[in-house]
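Participant: Sequence:
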Amino acid sequence: MISANSARTISIREVQRTVARAFNLTVAEMLSPTRVQPVASARQIAMYLSREVAARRSYPVDRGSVIHMPAPPSFPRIGIAFDRDHSSVMHACRKVRRRLRDDLGFALLIDRLATDVRAHAALSPATQEAA
48 MISANSARTI
58 SIREVQRTVA
68 RAFNLTVAEM
78 LSPTRVQPVA
88 SARQIAMYLS
98 REVAARRSYP
108 VDRGSVIHMP
118 APPSFPRIGI
128 AFDRDHSSVM
138 HACRKVRRRL
148 RDDLGFALLI
158 DRLATDVRAH
168 AALSPATQEA
178 A
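The opening position of the sequence shown corresponds to residue 48 in our numbering, with each subsequent residue numbered one higher.
There's no promise every hint is true.
As the list claims (entries may be wrong) - Listed next, with one range per pair, are the computed distances between beta-carbon atoms:
1) L151 with I127: 27 to 37 angstroms
2) M137 with P80: 29 to 39 angstroms
3) L170 with R145: 28 to 38 angstroms
4) A169 with D132: 30 to 40 angstroms
5) L151 with A69: 17 to 27 angstroms
6) P80 with A169: 16 to 26 angstroms
7) A169 with V83: 14 to 24 angstroms
8) L170 with D149: 31 to 41 angstroms
9) V74 with H133: 17 to 27 angstroms
Claimed, not checked - Listed below are the simulated DMTMM-like cross-link pairs for lysine to aspartate or glutamate, each with C-alpha atoms no more than 25 angstroms apart in a straight line:
10) K142 with D132
11) K142 with D163
12) K142 with E76
13) K142 with D130
14) K142 with D158
Since the hints were derived computationally from the structure, they do not count as laboratory data. All C-beta atoms in this analysis are idealised placements derived from N, C-alpha and C, irrespective of residue type, glycine included.
Whenever a hint applies, use it, and build me the whole structure from the sequences.
Facilitator: Set out below in structure tokens:
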């Protein structure tokens, strides 16, 4: 559903900022251990978007070959950025994907947030760092 933006490197931190702003939260609130529904939902969406649009990099394939195709950040890497375990990230991604199938309004929200992340990243000089 969400295509990679290969021209820019989008950091997980930028995803966190954009989603927090959209849900009227601070990044610290979103990363906190709270399980309050609005915060937990925003956190899960940010984890999903981190997997879908953040930090696509080149990676080695075999003896000296390098592929410059999109490679999403790993679940453990996203977990570190959110101070969570990789299994929490996997659960969040599954939950968001399931809801995307069943809820058109939610799908439109996720698409708008992905667009916002890319737009903010294009304007921000700090996006060259892949957090």
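Participant: Decide, hint by hint, whether the structure agrees.
Facilitator: So, going through the hints one by one against the coordinates:
In this structure the supplied range 27 to 37 angstroms holds for L151 paired with I127, their Cβ-Cβ distance being about 33 angstroms. Distance hint check for M137 and P80: the Cβ-Cβ separation is about 18 angstroms, which falls outside the suggested range of 29 to 39 angstroms. For L170 and R145, the hinted distance range of 28 to 38 angstroms is satisfied, since their beta carbons lie about 32 angstroms from each other. Checked against the hint of 30 to 40 angstroms, the C-beta distance between A169 and D132 comes to roughly 32 angstroms, which is consistent with it.
Distance hint check: the CB atoms of L151 and A69 are about 18 angstroms apart, consistent with the given range 17 to 27 angstroms. The supplied range of 16 to 26 angstroms is broken by P80 and A169, whose beta-carbon atoms lie about 32 angstroms from each other. Roughly 32 angstroms separates the CB atoms of A169 and V83, a value that falls outside the hinted 14 to 24 angstroms. Between L170 and D149 the C-beta distance comes to about 33 angstroms, which sits within the given range of 31 to 41 angstroms.
One distance hint, 17 to 27 angstroms for the beta-carbon pair V74 and H133, holds here, with the actual separation near 20 angstroms. For the given pair, K142 sits about 16 angstroms from D132 by alpha-carbon distance, which is consistent with the 25 angstroms threshold. For a cut-off of 25 angstroms, the pair hint linking K142 to D163 stands: about 21 angstroms separates their Cα positions. A distance of roughly 21 angstroms separates the Cα atoms of K142 and E76; the hinted pair therefore holds under the 25 angstroms criterion.
Among the hinted pairs, K142 with D130 is consistent with the structure: their alpha-carbon atoms are about 19 angstroms apart, no more than 25 angstroms. Pair hint K142 plus D158 holds up; C-alpha atoms about 16 angstroms apart against a cutoff of 25 angstroms.
Of the hints listed earlier, those the structure fails to meet are numbers 2, 6, 7, in rising order.
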